[in-house]
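There are 2 protein chains.
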Amino acid sequence: MISKSTKPSPFKEIRIFGIEGLPEIHQGDDLPALLFARLSSAQFPFLDGDICVVTQKIISKAEGALVDLRTITSSPFAQNLADRIHKDPRLLEVILRESKRIVRMDRDIMICETKHGVICANAGVDQSNIPGDHIVSVLPADPDESARKFRQGLQKYFQMDIPVIITDTFGRPWREGLTNVAVGVAGLNPLIDLRGKKDACGYELQKTMIAVADEIGCAAELVMKKRDRIPLAIVRGYAYQKSEDGSQSLLRSPEKDLFR
Amino acid sequence: MISKSTKPSPFKEIRIFGIEGLPEIHQGDDLPALLFARLSSAQFPFLDGDICVVTQKIISKAEGALVDLRTITSSPFAQNLADRIHKDPRLLEVILRESKRIVRMDRDIMICETKHGVICANAGVDQSNIPGDHIVSVLPADPDESARKFRQGLQKYFQMDIPVIITDTFGRPWREGLTNVAVGVAGLNPLIDLRGKKDACGYELQKTMIAVADEIGCAAELVMKKRDRIPLAIVRGYAYQKSEDGSQSLLRSPEKDLFR
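Top line first, the protein sequences correspond to chains A and B.
Residues in the first sequence are numbered consecutively from 781, following the numbering used here.
Residues in the second sequence are numbered consecutively from 781, following the numbering used here.
None of these hints come from the bench; they were simulated from the model.
Note that the structure is predicted; figures quoted are calculated from it, not measured.
Just so you know, not all the hints are guaranteed correct.
Identical chains blur together in the list; that is why a pair holds if it fits in one copy or across any two.
[Unchecked claim] In silico EDC-like pairs for lysine to aspartate or glutamate, Cα to Cα no more than 16 Å straight-line: (1) K977 / D828; (2) K1036 / D868; (3) K1036 / D888; (4) K895 / D922; (5) K929 / D906; (6) K929 / D1025; (7) K1022 / D888; (8) K1022 / D848; (9) K1005 / D973; (10) K978 / D913.
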């Protein structure tokens, strides 16, 4: 092993910082204020060009996008389903309420299109990292609006314009394992369109659009880790395109999708 | 904007370096040797724990996994299809030869299961970043074996054990945009299994497996960029799990997949 160099890198570099040390989040908490306190105590400044990546989980907690299963009366459909797959009928009822369409149901798997048009397992309803046996989190009512508000909060406390990506971990067809995806975006273009541009050999990249917001989310997930209570990451050095468009361009329209 | 701090980060950090300056790759090139020359000239050492991410494209070029369309005689099926969707029948023929099954065909889209069991558009056949109008690249014959050989080459030149991930950019159902995925892996566990582990609230993460090799690939894509001829990245600071298993665990078995 060669000892760690202190020289600046000769190569273009992206750095991803996992911001540990935030408190447990409760409804009504001002997340940008908590981040400001944490970064101040660590003497860690935002730099121009930084991107802030936040898990859906703490956004949902701060917004109170939580459901107490003890308050849920499950429908006959949820009860039938629960009997068959041995799950809590109230949990299934919450999943159904978050869904506008079921894409696939098989064994104990429900792939749902959420009210927002996002397709994922269990309509984004999740029991992990929530204190309390009967509480589940749902996706924020409008994740792009949540991202915009977070960005406004960063502007207020840090006096900087910092794009925000809200992520959740989703499965996908054909491949095992979850990866992070961007469910809410503010301040950057989530989908870089290279169509019509030429590659290094002069060949036109006809169909190449890169889902950079999802890729930034994946990069952030590497420092977050589900078990370690690191719900926020700062991505430094990625030359993003400014945009006010939110995450909608990441969602494929039904008429273009072969797997609905 | 606050001026750039030179202090070490108080937070856990992952760094991703995009290694530009490699020459155009030709069949028979020794990629680890070229990387050794490039890093030596830049005085940039590998550190213990680094991961090397390489695009499928330069692996295919070095291995000669290229097809000259002028040598291809297209089948009647490829010709019929070509007439209908206005594509080169020889290109379609190559795609069919790389496929063991067509998952979906619609309009000009072909989602194929490759000989390796990977599901992606056009069976991984690609015209971008290849010099010459009639040349297309195909996936390496055995991407895990390619990754193992690359890792052996790094061991030889750098005297270090450095895991290797070979990536390609794939589309996916439901979401627009390509993201990087790991098609070949050597030396690290591509799929971290958190099942049975407890989250920060003591809740058992029943279904959580994270496709970290795909996420590392996505992180690397942020410095690679399709147009910029940066076919290699070094990921520093991610505490990977050692493994000799290759990429197979990332492929969902047909009986577990709802979208074949």
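- Task: Could you figure out if K1022 and D888 sit no more than 16 Å apart (CA to CA) within one copy, between two copies, both or neither?
- Result: neither (41 Å within a copy, 32 Å between copies)
- When no copy is named, should K1036 and D888 be tagged within, between, both, or neither for a Cα gap of at most 16 Å? between (28 Å within a copy, 11 Å between copies)
- Query: Is it within, between, both or neither when you check K978 against D913 at 16 Å Cα-Cα?
  - Reply: Answer is between: at 14 Å across copies they meet the 16 Å cutoff, but 54 Å inside does not.
- Query: Given identical chains, is K929 near D906, meaning Cα to Cα at most 16 Å, within a copy, between copies, both, or neither?
  - Reply: neither (23 Å within a copy, 41 Å between copies)
- Indicate which option fits the pair K929, D1025 if close means a Cα-Cα distance not exceeding 16 Å: within, between, both or neither. within (14 Å within a copy, 44 Å between copies)
- Tell me, please, which holds for K895 and D922 at an alpha-carbon limit of 16 Å: within, between, both or neither? within (9 Å within a copy, 42 Å between copies)
- Message: As a check of your reading, is K1022 near D848 (CA-CA no more than 16 Å) within one copy, between copies, both or neither?
- Response: Answer is neither: 38 Å inside a copy and 41 Å across each miss the 16 Å cutoff.
- Go through the copies and call it for K1036 and D868: within, between, both or neither, with a Cα cutoff of 16 Å. Close neither inside one copy (35 Å) nor across copies (23 Å); limit 16 Å.
- Message: Regarding K977 and D828, is the shortest C-alpha distance of 16 Å or less found within a copy, between copies, in both, or in neither?
- Response: Intra 28 Å, inter 38 Å, cutoff 16 Å: neither.
- Give the relationship of K1005 and D973 under a CA distance limit of 16 Å: within one copy only, between copies only, both, or neither. between (30 Å within a copy, 12 Å between copies)
Hints 1, 2, 5, 7 and 8 from the list above are not met by this structure, while the remaining hints are.
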